[in-house]
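A.B. asks: From first to last, the protein sequence lines stand for chains A and B.
Mind the numbering: the first sequence is residues 887 to 1222 in this note's numbering, read in order.
Mind the numbering: the second sequence is residues 31 to 242 in this note's numbering, read in order.
For the record, the hints were derived by calculation from the structure and aren't laboratory data.
It is possible that some hints are incorrect.
Here are the computed distance ranges between Cβ atoms for each label pair [claimed, not checked]:
{"no.": "1", "chain 1": "B", "residue 1": "Gly221", "chain 2": "A", "residue 2": "Arg1028", "range": "51 to 61 Å"}
{"no.": "2", "chain 1": "B", "residue 1": "Ile104", "chain 2": "A", "residue 2": "Leu1003", "range": "31 to 41 Å"}
{"no.": "3", "chain 1": "A", "residue 1": "Gly1008", "chain 2": "B", "residue 2": "Phe213", "range": "56 to 66 Å"}
{"no.": "4", "chain 1": "B", "residue 1": "Met228", "chain 2": "A", "residue 2": "Ser1211", "range": "37 to 47 Å"}
{"no.": "5", "chain 1": "B", "residue 1": "Gln138", "chain 2": "A", "residue 2": "Val908", "range": "55 to 65 Å"}
{"no.": "6", "chain 1": "B", "residue 1": "Gly221", "chain 2": "A", "residue 2": "Gly1008", "range": "46 to 56 Å"}
{"no.": "7", "chain 1": "B", "residue 1": "Phe213", "chain 2": "A", "residue 2": "Asp1069", "range": "47 to 57 Å"}
{"no.": "8", "chain 1": "B", "residue 1": "Ser191", "chain 2": "A", "residue 2": "Ser906", "range": "48 to 58 Å"}
{"no.": "9", "chain 1": "B", "residue 1": "Ile104", "chain 2": "A", "residue 2": "Gly1128", "range": "50 to 60 Å"}
Far from chain A, some chain B residues (derived; all Cβ distances over 12 Å) [claimed, not checked]:
{"no.": "10", "residue": "Asn72"}
{"no.": "11", "residue": "Met122"}
{"no.": "12", "residue": "Gln138"}
{"no.": "13", "residue": "Gly211"}
Distance condition first, Cα-Cα at most 25 Å in a straight line; then the derived SDA-like pairs of lysine to any residue [said to hold, decoys possible]:
{"no.": "14", "chain 1": "A", "residue 1": "Lys1184", "chain 2": "A", "residue 2": "Ala998"}
{"no.": "15", "chain 1": "A", "residue 1": "Lys956", "chain 2": "B", "residue 2": "Gly217"}
{"no.": "16", "chain 1": "B", "residue 1": "Lys201", "chain 2": "A", "residue 2": "Phe949"}
{"no.": "17", "chain 1": "B", "residue 1": "Lys201", "chain 2": "A", "residue 2": "Met1034"}
{"no.": "18", "chain 1": "B", "residue 1": "Lys189", "chain 2": "A", "residue 2": "Ala1029"}
{"no.": "19", "chain 1": "B", "residue 1": "Lys96", "chain 2": "B", "residue 2": "Val78"}
{"no.": "20", "chain 1": "A", "residue 1": "Lys1184", "chain 2": "B", "residue 2": "Leu208"}
{"no.": "21", "chain 1": "A", "residue 1": "Lys956", "chain 2": "B", "residue 2": "Leu219"}
{"no.": "22", "chain 1": "B", "residue 1": "Lys189", "chain 2": "A", "residue 2": "Pro985"}
{"no.": "23", "chain 1": "A", "residue 1": "Lys956", "chain 2": "B", "residue 2": "Lys189"}
{"no.": "24", "chain 1": "B", "residue 1": "Lys189", "chain 2": "A", "residue 2": "Ala998"}
{"no.": "25", "chain 1": "A", "residue 1": "Lys956", "chain 2": "B", "residue 2": "Asp227"}
{"no.": "26", "chain 1": "B", "residue 1": "Lys201", "chain 2": "A", "residue 2": "Phe986"}
{"no.": "27", "chain 1": "B", "residue 1": "Lys189", "chain 2": "A", "residue 2": "Lys1129"}
{"no.": "28", "chain 1": "A", "residue 1": "Lys1129", "chain 2": "A", "residue 2": "Leu1183"}
{"no.": "29", "chain 1": "B", "residue 1": "Lys189", "chain 2": "A", "residue 2": "Tyr987"}
None of the values given here were measured: they were computed from a predicted structure.
All C-beta atoms, glycine included, are put in the ideal place defined by N, C-alpha and C.
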Amino acid sequence: MAVAKNEHELVVTVSPHIRSDVTVNRIMWTVTLSLLPAFVMGVYYFGPRAIYITALCIAGSLFSEWLVEKMTSRELTLGDGSAFLTGLLLGMNMPATIPFYIPLVSSFVAVAITKQLFGGLGYNIFNPALIGRAFALITWPRAMTNWMEPTAAFVGLDAKTTATPLGLLKEEGMHKLLEVFGDKMNLYTQLLIGHRAGSLGEVSAIAIIIGGLFLLYKKYISWHIPVSFLATVAVFAWIFGGKEGFFTGDPIVHLLSGGLMLGAFFMATDYVTCPSIRRGQIVFGIGCGLLTILIRLKAGYPEGVMFAILLMNCFSPLIDRSMKSKVFGARREVKK
Amino acid sequence: MDHEEKISYLQLIKNGIFKENTIFRLVISLCPSIAVTNSVRNGFLLGVAVLFVQSMVNATVALLRKFIHPRIRIPIFMLIISGWVTFVDMIMAAYARAAYKEIGLYIQIIVAFASILARAEMFASKNRVVPAFFDGLGSGLGFLVALVLISFFRELLGKGSVAGIPIVHAKPMLIMILPTGGFLVVGLLMGFFNWIDMRFYGGKGAGGAGGH
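Excised from the complex, chain A in its bound form (with noise of 0.2 Å):
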């Protein structure tokens, strides 16, 4: 029997015993790192409009975090780059004619509501950022919707303002979106660079899917939700998103457009509010999907992956009670 040299060596604790140098710290700021490329198009698209308001949301979020956390006397955790983060994802579904007051009444609405009065980072049930754009989108419904054309310039030029492709898609159906893009190859081209109305970030989906990518390659997300929300959206939009009748939609357009690519890799995907639970997950992206489709293609809304992502938050603890792994040798407790 070895003999320790001094008291610390023979230290019984709990679990956990193995530490990695993954902290909450590192993912947040990896997070905003992997987020970078789709606000660089952002601001290429929409100008110096959609850094001072991407500036404002994270201004607003990391004031409310630190209010709050000021007067309930807790620990401050402005470094951890939850509350940076929140509002980067906030500024980044924000169109870019937005007046200034809403982004800082929507972040304090996502951090301090959302997330501090749950308790803090961990304990919220849903996530900060889409409940922030939920907020200004019920409260401000005109000025939220209010697209600006991408003029990809900083200087000149008046702000026009445009319908969404998806807006488009739903007011006017399929044959005006080829209208205004020419024809379908150089549509979904659009859509795939961002050349579109729409959000500062959600707009260009590769630099999305850049971003996404490079988070799976870090294992900071499991492949498990973006690809069965996306794979969803696309088989449903297939097969009910035509005019003519089933099997005549267009996936790649649903696939593309709206903030689908930003939902499904970054806000779905938030550890707080998704199941942890594998195949949980995958139950998770598919319920996004299918009321992403339903909203889409049958609701008042143009776009349905905010309040999809929303109502499914609800379900995960559900999903992940009814999904929970037996323990090894339990038995089932014997009804009377």
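Place chain B on chain A using the hints.
C.D. replies: Positioned in the frame of chain A, the structure of chain B alone reads:
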């Protein structure tokens, strides 16, 4: 059984407003606190109706408490409550038609308010008429104050006005007059009062199972 002489009537009223406030402390009757509080006028009117029904029901139940068999007391209470609610409903339908059109449904639903039955069961069925009446008065006033407070914030933020008079000329926050805003305001106010209670009076905060 009758032990009402120990506390004064004023204390009964204060108890209803602060210590056992229907919405912020007992956390019951939350349904109307969200449904009708999108304008101060509606909140006030429903509050007054509840105040009246609550006091009268309490008095009636206390008056009849010796004749009510304990085993069937709940149906009897419900009959008494619905009697008084019908009374208020008819009065409002006759003399306040405009308001009745907007909140008439909620006047009828007073029958199902948990707060009314709770006061009848908890207090009126064990006390004499006058204290029961004052208890109802206090509880009703507490409800009225809560409703007016909630609707004040919701109307101010959601429409930029108070009691129909425009005050703020900024763009109003539409969400506040939708049900979502009701939940937000009720929750935040409740948290605020809990904080006051804990900070200054050493309380433990509201505990309630909720109800409609």
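A.B. asks: Indicate, hint by hint, whether the structure satisfies it.
C.D. replies: Verification of the supplied hints:
1. B:Gly221 <-> A:Arg1028: 51 to 61 Å: This hint is violated: roughly 31 Å between Cβ atoms.
2. B:Ile104 <-> A:Leu1003: 31 to 41 Å: holds (37 Å)
3. A:Gly1008 <-> B:Phe213: 56 to 66 Å: violated (23 Å)
4. B:Met228 <-> A:Ser1211: 37 to 47 Å: holds (41 Å)
5. B:Gln138 <-> A:Val908: 55 to 65 Å: Given range 55 to 65 Å: holds, Cβ gap about 59 Å.
6. B:Gly221 <-> A:Gly1008: 46 to 56 Å: Given about 20 Å between the Cβ atoms, the range is violated.
7. B:Phe213 <-> A:Asp1069: 47 to 57 Å: holds (49 Å)
8. B:Ser191 <-> A:Ser906: 48 to 58 Å: holds (56 Å)
9. B:Ile104 <-> A:Gly1128: 50 to 60 Å: holds (58 Å)
10. Asn72: Label holds. Min Cβ-Cβ 21 Å, cutoff 12 Å.
11. Met122: holds (32 Å)
12. Gln138: Since the minimum Cβ distance to chain A is about 30 Å, B:Gln138 lies beyond 12 Å and the statement holds.
13. Gly211: It is violated; B:Gly211 is separated from chain A by about 9 Å at its closest Cβ, not greater than 12 Å.
14. A:Lys1184 <-> A:Ala998: The hint is violated at about 33 Å.
15. A:Lys956 <-> B:Gly217: Cα-Cα ~20 Å, so holds.
16. B:Lys201 <-> A:Phe949: holds (23 Å)
17. B:Lys201 <-> A:Met1034: holds (21 Å)
18. B:Lys189 <-> A:Ala1029: holds (17 Å)
19. B:Lys96 <-> B:Val78: With Cα atoms ~29 Å apart, B:Lys96 and B:Val78 exceed 25 Å; violated.
20. A:Lys1184 <-> B:Leu208: holds (23 Å)
21. A:Lys956 <-> B:Leu219: This hinted pair holds, its Cα atoms lying about 19 Å apart.
22. B:Lys189 <-> A:Pro985: holds (19 Å)
23. A:Lys956 <-> B:Lys189: violated (32 Å)
24. B:Lys189 <-> A:Ala998: holds (23 Å)
25. A:Lys956 <-> B:Asp227: Within the cut-off at roughly 19 Å; holds.
26. B:Lys201 <-> A:Phe986: holds (13 Å)
27. B:Lys189 <-> A:Lys1129: Roughly 41 Å between the alpha carbons, so the hint for B:Lys189 and A:Lys1129 is violated.
28. A:Lys1129 <-> A:Leu1183: holds (11 Å)
29. B:Lys189 <-> A:Tyr987: holds (17 Å)
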